[in-house]
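What follows is each chain in one-letter form.
There are 2 protein chains.
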Amino acid sequence: MMNTDDLKYPGSRRIYVNGTLHPSVKVAMREVVLEDSLFPDGTKERNEPVRVYDVSGPWGDESFSGDVEKGLPKLREPWIAERGDVEVYDGLTGKALRGKGGKPVTQRHYARQGIITPEMEYVAIRENLGREQAFKAVYDRFPSEKSRPQEAQEVLDYLGTGMGRPSDLEKEPGFSTRSLTQRARLDYQHVGESWKGGRMPAFFTPEFVREEIASGRALIPANINHPECEPMIIGRNFLVKINANIGNSALGSSIEEEVEKLRWGLHWGADTVMDLSTGKNIHRTREWILRNSPAPIGTVPIYQSLEKVGGMVEHLSWEIFRDTLIEQAEQGVDYVTVHAALLQRFVPHTARRMTGIVSRGGSIMAKWSMIHGRENFLYDHWDEICELLAAYDVGISIGDGLRPGSVADANDFSQLAELEIQGDLTKRAWDRGVQIMNEGPGHVPLHLIRENMSKQLEWCFEAPFYTLGPLVSDIAPGYDHITGAVGGAIIAQEGCAMLCYVTRKEHLGLPDREDVREGVVTYKLAAHAADIAKGHPGAQVRDNALSKARFEFRWEDQFNLSLDPHRARAFHDLTLPHAGAKKAHFCSMCGPNFCAMKLTQEVREAERNANDA
Amino acid sequence: MMNTDDLKYPGSRRIYVNGTLHPSVKVAMREVVLEDSLFPDGTKERNEPVRVYDVSGPWGDESFSGDVEKGLPKLREPWIAERGDVEVYDGLTGKALRGKGGKPVTQRHYARQGIITPEMEYVAIRENLGREQAFKAVYDRFPSEKSRPQEAQEVLDYLGTGMGRPSDLEKEPGFSTRSLTQRARLDYQHVGESWKGGRMPAFFTPEFVREEIASGRALIPANINHPECEPMIIGRNFLVKINANIGNSALGSSIEEEVEKLRWGLHWGADTVMDLSTGKNIHRTREWILRNSPAPIGTVPIYQSLEKVGGMVEHLSWEIFRDTLIEQAEQGVDYVTVHAALLQRFVPHTARRMTGIVSRGGSIMAKWSMIHGRENFLYDHWDEICELLAAYDVGISIGDGLRPGSVADANDFSQLAELEIQGDLTKRAWDRGVQIMNEGPGHVPLHLIRENMSKQLEWCFEAPFYTLGPLVSDIAPGYDHITGAVGGAIIAQEGCAMLCYVTRKEHLGLPDREDVREGVVTYKLAAHAADIAKGHPGAQVRDNALSKARFEFRWEDQFNLSLDPHRARAFHDLTLPHAGAKKAHFCSMCGPNFCAMKLTQEVREAERNANDA
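Residue numbers (full-length UniProt numbering), protein chains in the order written: chain A, 1 to 613; chain B, 1 to 613.
What the hints contain is simulated information worked out from the structure, not anything from laboratory work. Please read these numbers as outputs of a predicted model, since none were measured by experiment. Treat the hints with caution; some may be incorrect.
Remember, identical chains collapse to one label, so a pair may be satisfied in a single copy or spanning two.
Within a straight-line C-alpha distance of at most 27 Å, the following computed DSSO-like cross-link-like pairs (lysine-lysine) qualify [said to hold, decoys possible]:
1) Lys280 - Lys582
2) Lys95 - Lys74
3) Lys598 - Lys308
4) Lys280 - Lys598
5) Lys44 - Lys598
6) Lys103 - Lys427
7) Lys70 - Lys280
8) Lys8 - Lys74
9) Lys196 - Lys455
10) Lys74 - Lys103
11) Lys308 - Lys280
12) Lys70 - Lys8
Only chain A is shown next, with the shape it has when bound in the complex (with noise of 0.2 Å):
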């Protein structure tokens, strides 16, 4: 059973933030409130709350009061009634949504006439994070507007440029700029390198997210049969995501685990979930996602189709997984992974590597096209799986079925030649109004991932990037979410823009709780870094608040602007368990004769008695 205690954040409270162009759109976030600020002097500062991304739909709001059973409320429902260009009908495992006459009703299809939906508004206020609070901190710190802007443009040119060696600038009157920065404010933040043609804005507008989707650079997957779904957006210009797996294989775990382990895989953070069932009750288990998750559903439904045929691969058919692919439609899946860049005459390279084909829907269409002599029937009915999933907004995540499975294997001629079929796919699904990403590897050493990037921004036009990984090293299983998150870290600073976890269980086995909760995080750590070094506009608010009540020794505030709260407490009480600890102004690890943050603002506490004289 889940401990309910185990799904709070402590210190953190549920608040939305109202649309504008659309009223009815109410944006989930997480604030956590935070403690003043104590002096030597006895005097208080305040500390602003701190606004963070919430995944958690319904089930991280305190009045929230639904069940497992109901499922959650559909919060899309009316957008996609008011737009009218849907009907009802008799599906083929109950009443569904569709596209009028089977066209496009796809957030691309929109974009691409102008059209900001509440969706996009969504997702914009959604990346801005507590932006504007931040904003209105300094604003009320500077009320001159003449001074405002100034003061801000002066850190950034003077951030994005060089500058010489110290010692030449100590010869300078007041030193260089650099040294003047106030970097104690909690709105300082490092300008961001873009990547590539990367273009980070100040602030995402609507407007912003629309131009971003039509280009195709970025997508929401949000099926019009999944209106309990809480926009998202992926791509490149955009904050990092990340993506959990679940999925009953055929050897281990029961429906309820699957919506618990969904629950908490979104606690800690995962932004989409791929359900990867193989085993029995695949719909069934799916339904309750479904109908219980706030976040997009990605699925293979390759894998459904194989169940269908007793796990007989010769037996697959476009037929078989056409239905497959409608009834998942029909159903509410958000996004489908499907292998059609893998084509036949790629086969035979794979011999020749060291560890062959390890994707699972790789091996099977290669299985497949080997036993008929035959094309992969998935590239042979491309624009059919298009215009059929257009009518429902389900995305496409095009497979890398020729990922390398080891380090050894990586950037090789089956892997890139699939990548460049990935991107003559991308443009044909563009132009029947689907939404595309590409998925990514694998296992590839640290200097060859950005070849993988550029090669992937120029062929695929910019697709977003979804990667597994990379996993920069073949010697850790045991260890293998770190070997990912290291090459993820930088896969993503470079443009990738979502990325799927790995649990330190990969390679040997499937992940517990602990394994999922690890994971999640390990990989928000890894796209959020990423997030810091693009320049995502208040992607650094939240270390520089972790980092000044670290430094003032707000134990409590430092425990709840973590990542994982829970485990910060329990790390620290560890050593130090009693009550008063948390008030300390030292720490274990130095005891309080050495320790440097005492020491320093000691320091601190000179430099300004010294101004001040």
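Use these hints to put chain B onto chain A, whose structure you have.
Just chain B, lined up with the frame of chain A:
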């Protein structure tokens, strides 16, 4: 109590490789013995054992019967004696060795005279890992001398150059050379990327080692009073090393626990260990550690100095520090951190920071300067420090007392100003024959890591860089081993020579056994990823062997080749505990019907049959 079963690597045996120039050199390595490959047609193929770097010293040799009370055999005693340049004298706490007349006896001193010491030959053999052996396997397969280098050259040429689009290559007969690369070979390795003058040789010779030490690009920390120490090298053109810290802080742990932690850290792969004790019994704790450590031991002598004055920073003096240095040099400490580059005039700048000064040593020296209104006495007595330490071959790690303690403070004036002084001090120390490295940050966002490495290479003349992290975000307390491993992998790839580990308790509490294990393995993983990226010859052999074992479902070999075989096996057994599962040709993640590796083996078999026909 330590469970000695925990300190064995399954499927492994200790071997020794003999020196040529110095026959008394016997380099310890661990050899992982592998099972045969079994093919579907019933044939078998022998898999050569894989040699891995082993830092456990005599403790890792099953035939060693010593105990903690007696300490380790004095491996280097004859080498030191044979040089004929040391004298025994009555030191502060017992008999000790030093250079005759206080003259330098450093590896740098010998290297500059063209002398190849046994220590240098030891590290040359050690750095090659099992490369002679791997080469031999290729030679055996390609017996003709003419065709052999050609073949190797072809792979290198191909990998070193760019390639066109796969679709263009498909038009060429036989496709590209990339498609022809046989990656399934165990000796296959990606060409590395050298950064700003890195020069990774194809083979490590004793002469190469000598050159690197003479130039200052590398050091062998090996005090003449620590003859138990097995030589190892720290430098950008060698394997990336990692350091683990131990130490009884004021608030916890006993002497016995510290020696246990030493062995535990070495077991998992720490290349050096820093004893950061600050409590009582510092001298005695260190004695136990030194007499039982086959790895270099580092310290921060200002900590013991401060203990000597009862924790009152104002009572610190050059004389107290000097006596502490001598005491530690006589005892056998191999390298010391000295915060001599933190100048008095830099201190006021830290008042503008988010987190001020976070280095313990840095905050002590800053406070001392502030109280006395005088320059840092470590800076003022630098030449004397160097001359003193050269007579014992104690290496100096020039501390970064102003390293950033938060992402906000990264690469600011204070930090870079100190780095520039580190460079000045490096030059002066080299002139006095001392072996040097420079300490580096700290908290640094992903995109600002490169500036750290570039400036250090330039300003400190390629002296080895030794960093703590860098941590790429502040918001993950409880996961900071990962935040630091991400930054560590990146900076190591660009030339950082040694990474100081960070445990998941960082910022929160004192690490326990499991934290040390997790921390060391995580940093080994980061260092290894960088070794592959830098193109260290032979670094990829272990990845290849593990991936081949994975592909062939040799589960035991997969476990035994991993950095943490115990965890890999335990994780596997959580899902599939029965012994038969370790022979199964599928695993718990996908189950038998969806096993990609199983399917791809069928593809490979079909290709083989097609080619034979």
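If the cutoff is 27 Å on CA atoms, where do Lys196 and Lys455 land: within, between, both or neither? Let me know, please.
Answer is both: 11 Å inside a copy and 24 Å across each meet the 27 Å cutoff.
If the cut is 27 Å between Cα atoms, do Lys95 and Lys74 qualify within a copy, between copies, both or neither?
within (16 Å within a copy, 81 Å between copies)
Between copies, within a copy, both or neither: which fits Lys70 and Lys280 at Cα up to 27 Å?
within (23 Å within a copy, 62 Å between copies)
Within a copy, between copies, both or neither: which one fits Lys8 and Lys74 at a CA-CA cutoff of 27 Å?
Within one copy only: 23 Å inside, 57 Å across.
Could you place Lys74 and Lys103 in one of the four classes (within, between, both, neither) given a Cα distance threshold of 27 Å?
within (23 Å within a copy, 81 Å between copies)
First find the shortest C-alpha distance between Lys70 and Lys8 inside one copy, then the shortest across copies, and answer within, between, both or neither for a cut-off of 27 Å.
Result: close within a single copy only, 21 Å intra versus 53 Å inter.
Given identical chains, is Lys103 near Lys427, meaning Cα to Cα at most 27 Å, within a copy, between copies, both, or neither?
within (19 Å within a copy, 73 Å between copies)
Is it within a copy, between copies, both, or neither that the alpha carbon of Lys280 lies no farther than 27 Å from that of Lys598?
Only across copies: Lys280 and Lys598 sit 21 Å apart there, 59 Å inside one copy, limit 27 Å.
Is it within a copy, between copies, both, or neither that the alpha carbon of Lys44 lies no farther than 27 Å from that of Lys598?
within (18 Å within a copy, 65 Å between copies)
When no copy is specified for Lys280 and Lys582, does a C-alpha distance of 27 Å or less occur within a copy, between copies, both, or neither?
between (50 Å within a copy, 25 Å between copies)
Regarding Lys308 and Lys280, is the shortest C-alpha distance of 27 Å or less found within a copy, between copies, in both, or in neither?
This pair counts as within: shortest intra-copy Cα distance 10 Å, inter-copy 70 Å.
At most 27 Å between C-alpha atoms: does Lys598 with Lys308 qualify within a copy, between copies, both, or neither?
between (66 Å within a copy, 20 Å between copies)
Hint compliance for this structure: no hint is broken.
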